[in-house]
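K.L.:
FYI, the working numbering numbers position 60 of the sequence shown as 171, with every residue one higher than the one before it.
Keep in mind that a hint or two might mislead.
Claimed, not checked - Cross-link-like lysine to any residue pairs, in silico, SDA-like; alpha carbons within 20 Å at most:
hint, residue 1, residue 2
1, Lys193, Met125
2, Lys119, Ser142
3, Lys206, Ile182
4, Lys131, Phe150
5, Lys156, Ser143
6, Lys156, Glu120
7, Lys169, Tyr144
8, Lys206, Tyr220
9, Lys156, Thr168
10, Lys118, Glu149
11, Lys128, Asp153
12, Lys183, Ile196
13, Lys148, Ser134
14, Lys183, Phe213
15, Lys193, Thr121
16, Lys148, Met125
17, Lys216, Lys193
18, Lys183, Pro210
19, Lys148, Thr123
20, Lys148, Tyr129
21, Lys183, Lys206
22, Lys206, Leu184
23, Lys156, Ile135
24, Lys118, Ser138
25, Lys194, Met204
26, Lys183, Val114
27, Lys183, Lys193
28, Lys206, Lys216
29, Lys131, Tyr144
30, Lys169, Ile188
31, Lys119, Asn146
32, Lys155, Ile136
33, Lys155, Pro166
34, Lys119, His159
Derived from the structure by calculation, the hints contain no laboratory data.
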Amino acid sequence: MPVPDRKKETLTAMLLKYVKRNSIIYSDSFSSYNNIKEFFSDHKKVNHSLHFVDPVTKVHTNTIEGNWNGIKLTLPIRKRTKKLIGLQLIRFMIKRENPNDFLDKLLSYLE
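All chains should be built: construct the whole structure from the sequences, respecting the hints.
P.N.:
Written as structure tokens, this is what we have:
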């Protein structure tokens with residue numbers, strides 16, 4: 112889901128709404144994530160100013176960053192609006208998981 116801003120309160124509310132409480136959250140060291148460990152099983156961080164993969168814990172955010180890059184490559188530049196981003200993300204997820212029967216899967220979700 113699109114996130115309106117990167118404030119701690121906003122990000123925490125979105126995580127609480129969409130992520131199971133027994134999840135382990137992986138993130139960078141952005142300050143808005145500092146309190147989320149109290150809501151989930153664990154919170155593992157990587158400090159990107161030091162390294163991209165934590166040498167001790169092996170925590171990284173490369174997977175989600177690669178996925179986000181893949182999403183951005185499929186979004187038409189002229190229609191990258193806050194209003195349409197949610198629909199474009201849904202389209203990307205369905206198409207990625209169902210490359211051979213995208214239309215059938217899309218229609219099944221709309222039923």
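K.L.:
None of the hints should be skipped; say for each whether it holds.
P.N.:
So, going through the hints one by one against the coordinates:
no. : hint             : verdict
1   : Lys193 to Met125 : holds (16 Å)
2   : Lys119 to Ser142 : holds (8 Å)
3   : Lys206 to Ile182 : holds (11 Å)
4   : Lys131 to Phe150 : holds (10 Å)
5   : Lys156 to Ser143 : holds (12 Å)
6   : Lys156 to Glu120 : holds (19 Å)
7   : Lys169 to Tyr144 : holds (19 Å)
8   : Lys206 to Tyr220 : holds (12 Å)
9   : Lys156 to Thr168 : holds (9 Å)
10  : Lys118 to Glu149 : holds (17 Å)
11  : Lys128 to Asp153 : holds (17 Å)
12  : Lys183 to Ile196 : holds (10 Å)
13  : Lys148 to Ser134 : holds (10 Å)
14  : Lys183 to Phe213 : holds (19 Å)
15  : Lys193 to Thr121 : holds (16 Å)
16  : Lys148 to Met125 : holds (14 Å)
17  : Lys216 to Lys193 : violated (24 Å)
18  : Lys183 to Pro210 : holds (18 Å)
19  : Lys148 to Thr123 : holds (10 Å)
20  : Lys148 to Tyr129 : holds (15 Å)
21  : Lys183 to Lys206 : holds (14 Å)
22  : Lys206 to Leu184 : holds (14 Å)
23  : Lys156 to Ile135 : holds (11 Å)
24  : Lys118 to Ser138 : holds (15 Å)
25  : Lys194 to Met204 : holds (18 Å)
26  : Lys183 to Val114 : holds (16 Å)
27  : Lys183 to Lys193 : holds (13 Å)
28  : Lys206 to Lys216 : holds (9 Å)
29  : Lys131 to Tyr144 : holds (16 Å)
30  : Lys169 to Ile188 : violated (35 Å)
31  : Lys119 to Asn146 : holds (8 Å)
32  : Lys155 to Ile136 : holds (6 Å)
33  : Lys155 to Pro166 : holds (13 Å)
34  : Lys119 to His159 : holds (19 Å)
When the structure is compared with the earlier hints, violations turn up for hints 17 and 30 and for no others.
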